[in-house]
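Please build the complex by placing chain B on the supplied structure of chain A, with the hints as guidance.
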Amino acid sequence: MTPNNPERLHGTLELLILKLLEQGQMNGYAIGRRIQDLTNRELIVEEGSLYPALYRMQRKGWLKTRWGVSENNRRAKFYGLSRAGRRRLERETADWSSFTAAVNKILRSA
Amino acid sequence: MSPWVSPLWSRLVRRLRSVLLSRSVRGEIERELGEHLEQLTRQLMEEGMSPAQARREAVRRFGNLEKIRSECLAARDVPARSEGSVLTDLGHDLLYGWRMLRRSPGFAVIVVITLALGIGGNAAIFSIVDGVLLRPLPYQQPSRLVRLWQADRLNNTRFENFSLPDYFDVKEGNSTFSGIAASRVGNVTLTGGDTEPQLILAGFATHDLFSVLGVTPIRGRGFLPEEDIPGGESVAVIGHEMWVTRFGGDPGVTDRSLILDGESHRIVGVMGRDFSYLTNTPQVWVPLQAGPTSASRGVHSFRVIGRLAPGVGLTQAADNLSTIAAALEKEYPNDNLNRGMWPQPLRESLVGDVRPALLVLLGAVGLVLLIACVNVANLLLARGQVRDRELAVRAALGAGRARLLRQLMTESALLAGLGGAAGVGMAVAGLRLVHWLGPSVLPRQGNVAIDSRILAFTLVLALVTAVLFGLVPALRSSATDLQQPLKQGTRTMTSSRGSRRLRRSLAVVQVALAVALITGAGLLIRSFWRLNQVDMGFRADGVLVLNLVLPASRYPQTRGDWPDFPEVVAFQRDLLEQVRNIPEVRAAAIALNSPTASGWTTRFQIEGRPLPTDRQLEEIRIRTVSSGYPETVGISVVRGRHLEPRDDQPNSPPVALVNEAFAERYLSGEDPLGHRVINWGISREIVGVIQDVRFMGPQAPVPPAVYPTFARMPFGGFNLLVRTDGNPMEVLPQIRTVVGSLDGQLPLAGVGTLKERRSAQVAQPRFNMVLLSVFAAVAMILAAVGIYGVVAYGVSQRIQEMGVRISLGATRTDILRQVVGQGLALGVIGAAAGVAGSLFLTRTMSGLLFGVGAMDPTTLGTVVILVLTVTGLATLLPALRASRVDPVTALRVE
Numbered sequence: 628m629t630p631n632n633p634e635r636l637h638g639t640l641e642l643l644i645l646k647l648l649e650q651g652q653m654n655g656y657a658i659g660r661r662i663q664d665l666t667n668r669e670l671i672v673e674e675g676s677l678y679p680a681l682y683r684m685q686r687k688g689w690l691k692t693r694w695g696v697s698e699n700n701r702r703a704k705f706y707g708l709s710r711a712g713r714r715r716l717e718r719e720t721a722d723w724s725s726f727t728a729a730v731n732k733i734l735r736s737a
Numbered sequence: 082m083s084p085w086v087s088p089l090w091s092r093l094v095r096r097l098r099s100v101l102l103s104r105s106v107r108g109e110i111e112r113e114l115g116e117h118l119e120q121l122t123r124q125l126m127e128e129g130m131s132p133a134q135a136r137r138e139a140v141r142r143f144g145n146l147e148k149i150r151s152e153c154l155a156a157r158d159v160p161a162r163s164e165g166s167v168l169t170d171l172g173h174d175l176l177y178g179w180r181m182l183r184r185s186p187g188f189a190v191i192v193v194i195t196l197a198l199g200i201g202g203n204a205a206i207f208s209i210v211d212g213v214l215l216r217p218l219p220y221q222q223p224s225r226l227v228r229l230w231q232a233d234r235l236n237n238t239r240f241e242n243f244s245l246p247d248y249f250d251v252k253e254g255n256s257t258f259s260g261i262a263a264s265r266v267g268n269v270t271l272t273g274g275d276t277e278p279q280l281i282l283a284g285f286a287t288h289d290l291f292s293v294l295g296v297t298p299i300r301g302r303g304f305l306p307e308e309d310i311p312g313g314e315s316v317a318v319i320g321h322e323m324w325v326t327r328f329g330g331d332p333g334v335t336d337r338s339l340i341l342d343g344e345s346h347r348i349v350g351v352m353g354r355d356f357s358y359l360t361n362t363p364q365v366w367v368p369l370q371a372g373p374t375s376a377s378r379g380v381h382s383f384r385v386i387g388r389l390a391p392g393v394g395l396t397q398a399a400d401n402l403s404t405i406a407a408a409l410e411k412e413y414p415n416d417n418l419n420r421g422m423w424p425q426p427l428r429e430s431l432v433g434d435v436r437p438a439l440l441v442l443l444g445a446v447g448l449v450l451l452i453a454c455v456n457v458a459n460l461l462l463a464r465g466q467v468r469d470r471e472l473a474v475r476a477a478l479g480a481g482r483a484r485l486l487r488q489l490m491t492e493s494a495l496l497a498g499l500g501g502a503a504g505v506g507m508a509v510a511g512l513r514l515v516h517w518l519g520p521s522v523l524p525r526q527g528n529v530a531i532d533s534r535i536l537a538f539t540l541v542l543a544l545v546t547a548v549l550f551g552l553v554p555a556l557r558s559s560a561t562d563l564q565q566p567l568k569q570g571t572r573t574m575t576s577s578r579g580s581r582r583l584r585r586s587l588a589v590v591q592v593a594l595a596v597a598l599i600t601g602a603g604l605l606i607r608s609f610w611r612l613n614q615v616d617m618g619f620r621a622d623g624v625l626v627l628n629l630v631l632p633a634s635r636y637p638q639t640r641g642d643w644p645d646f647p648e649v650v651a652f653q654r655d656l657l658e659q660v661r662n663i664p665e666v667r668a669a670a671i672a673l674n675s676p677t678a679s680g681w682t683t684r685f686q687i688e689g690r691p692l693p694t695d696r697q698l699e700e701i702r703i704r705t706v707s708s709g710y711p712e713t714v715g716i717s718v719v720r721g722r723h724l725e726p727r728d729d730q731p732n733s734p735p736v737a738l739v740n741e742a743f744a745e746r747y748l749s750g751e752d753p754l755g756h757r758v759i760n761w762g763i764s765r766e767i768v769g770v771i772q773d774v775r776f777m778g779p780q781a782p783v784p785p786a787v788y789p790t791f792a793r794m795p796f797g798g799f800n801l802l803v804r805t806d807g808n809p810m811e812v813l814p815q816i817r818t819v820v821g822s823l824d825g826q827l828p829l830a831g832v833g834t835l836k837e838r839r840s841a842q843v844a845q846p847r848f849n850m851v852l853l854s855v856f857a858a859v860a861m862i863l864a865a866v867g868i869y870g871v872v873a874y875g876v877s878q879r880i881q882e883m884g885v886r887i888s889l890g891a892t893r894t895d896i897l898r899q900v901v902g903q904g905l906a907l908g909v910i911g912a913a914a915g916v917a918g919s920l921f922l923t924r925t926m927s928g929l930l931f932g933v934g935a936m937d938p939t940t941l942g943t944v945v946i947l948v949l950t951v952t953g954l955a956t957l958l959p960a961l962r963a964s965r966v967d968p969v970t971a972l973r974v975e
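Heads up: the protein sequence lines correspond to chains A and B, in order. Here my numbering is used: the first residue of the first sequence is 628, the next is one more, and so on. Here my numbering is used: the first residue of the second sequence is 82, the next is one more, and so on.
These are computed hints drawn from the structure, not numbers from a lab. Nothing false has been slipped in among the hints.
Only some residues are given here: those of chain A computed to face chain B with a beta carbon under 8 Å:
#1 673
#2 674
#3 675
#4 679
#5 697
#6 701
#7 702
Glycine included, C-beta positions come from ideal geometry on N, C-alpha and C.
For reference, chain A alone in the conformation it holds in the complex:
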């Protein structure tokens, strides 16, 4: 992500990760790849941001991890949502919607 505003992207990245993992477990590589694909290469998450974010969220208890086997038949770490994570996702999604709605109101009014 080429950030113009680090704070916003911090929380935004976490939101995206949470959303992606809602649908199933993935390993780090897969998450990054998915964001890239889903946004048509508009958003590219660099590993330097992704992994620290994943570890942070692990810390905060929003993600749970297990070691499994990847597509390449290698040991890989898979991330999934915890119950706290799901709650967080709901809250963040709601916050995001109201935030963008408010901003749009102003942008459109001019």
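Chain B alone, transformed into the frame defined by chain A:
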């Protein structure tokens, strides 16, 4: 393949793992990132790259692996906000801090050593201050005890001892003391058992000494009144050390006895280990066995202490004593005219002299600690910027400022703790140096040691130090704009202007403090040098000194027979004759006092002189000598003749020498020869005037003194002085033989050279000087390190700027000049501040100086030059490095 587990459990497990098994966490991260790399490579290969290309591209895209690794590690280390009690947090912080230190061992070592110097020095000095000044005296209610002094108004001295009749009169007539006791000390020969005869210090005390002090022997008892009368039973109370070394701690020691000066004394008690009395504690006590008529009122050799009665204040007692003194003056004008009496709190009399010096040392070592703290704070500030990234991550994880502060302060406490531990080691070594400087330089020196009180003090000091040096950097680090470092790819090496200014001002403060200290040390060094330069009047090289005490049991010295002590005089004559026969001996003499001892005073008269009434009772120094004294100690006779061996004969006419001060004071304008001096009932003819000798020490004026001959004023205890050409100790065996042949039971004591004794005279100033110089040297080193640190860091920050300047044409010397100039500027400001400060501070030291003013310009000038030179050298290294910067490497953008 572990199944899904509940978040709480996995959180705990994770935390445990991260704390205890960081290696496995690293491994985990390695594996995960490695897998990601694999998958990325595969993807790139699918897009058409060759395997090698794909791999390279994948690695490039990944960016800085180490950075990611460390961020993940940092993310793992901080527990979620809701967890953790204070104690587990503390343990966690300590562990984390320890790990951080291990990662930068160089930094840790420098900090710990710096702190050790500061804390250790303080511990050492505090243990001295505690042992000497603070710790209560080993008596009951010591604040009620006073030392009684007499004051000689004519000679303007205030610290004279009592005579025995005066003591008894005060004891009888006072209304303000609950008890008064007198004592004196003397050397006695201890014989018996299977050991050689020994000369030991004995205390002769009135029976109530122990009860006035409020101490009880740990075994047996003190003296009974009936033992303290003339002709009473010979008993003794021994000191703790003698009980242990000579009697092996025998519990039945009270059935045994001791032979002192040939007389057997029954042991009735043993004193406790902590018991000490005045400056030289005797090894054994015997009753004084004296009454009011046992000694003359004119001989002032007794130390008197008293205990104030309950409810009585010091001024009341002083008034009471003045009244008694006035009455005695009227009643005994011959002895007591112009003699006052006054009380001094006992503690004051013991330590009052050294208090100023010790306080100066305490202040100095406090300054050193301050400098050390400033140094460490600077180092922490520099390091803080390196850790900004890690702290930023933790802040982003929700660690509040307070939490970060706590972590950083814990690390500071850890550093201070390590520094304190190392400091204790240094303090122990330091105290050993102190004891080596002189076993009795300080009063109560036996109390000076590292014990639990000092350790507790050190612990508190370490904590205070941690706050001092840790707070500012911690506040700064926890408050930086923490989002900044998380930006991609930025090497956040910008040191803000504010922090740079802070570090530079700290360095300036260090230099200022160091200047103040070095100035103080410099003044003391000059004082000491001046002291040593003082011409004492005699030549100390090559002279051997020793004490002999002839016991009254074999050499009768009864008061009634004086001055007829034929055995004493015969021994001394034979001794001199045989010692003079030793080939290496150039000259030998006997003297009551060596030229380094102050001796005592007694009243005198000049015959035929109608003395004005106020001069009738003047006292002068009496320093009995044998023939050969002036030659032996290397002084000249300026008028008249020397004493000759014929004057050593017991029936020779009584004669005496006088010193120049005497001739000046009492016989100026006349020829002193032929006048007669009367003391103790004997009239002596002055046959010669000798050169003044500074026997009162290098700083005091020389008082008038009379030197009667030994033969007509004998004493059982005396010094033998022997002058040789080479090393005087080489004749010692032969002297032992001579003494042994005259009397096999006579021990030699106090053997040494006159040079050693001369040196011991200045032991106290030497002590002050050495200690303060050590502190000043440490301060200088620390300040130099501080300047070096600031300049080196500044250079490393501005490598790029240097590169630009060089590529634009600046020469090496330009760069050198710039960097050194900046460093010197700091030094100059610091030196100026230091000089201003020291002008103010050294005034507190003026009591310790000799021959040097507190604002001595030579010293100040030398110190400033020294400090600037050192500062310049300290900046030279980083300056050289800066000037050698290769512009190409410097300008390469990372």
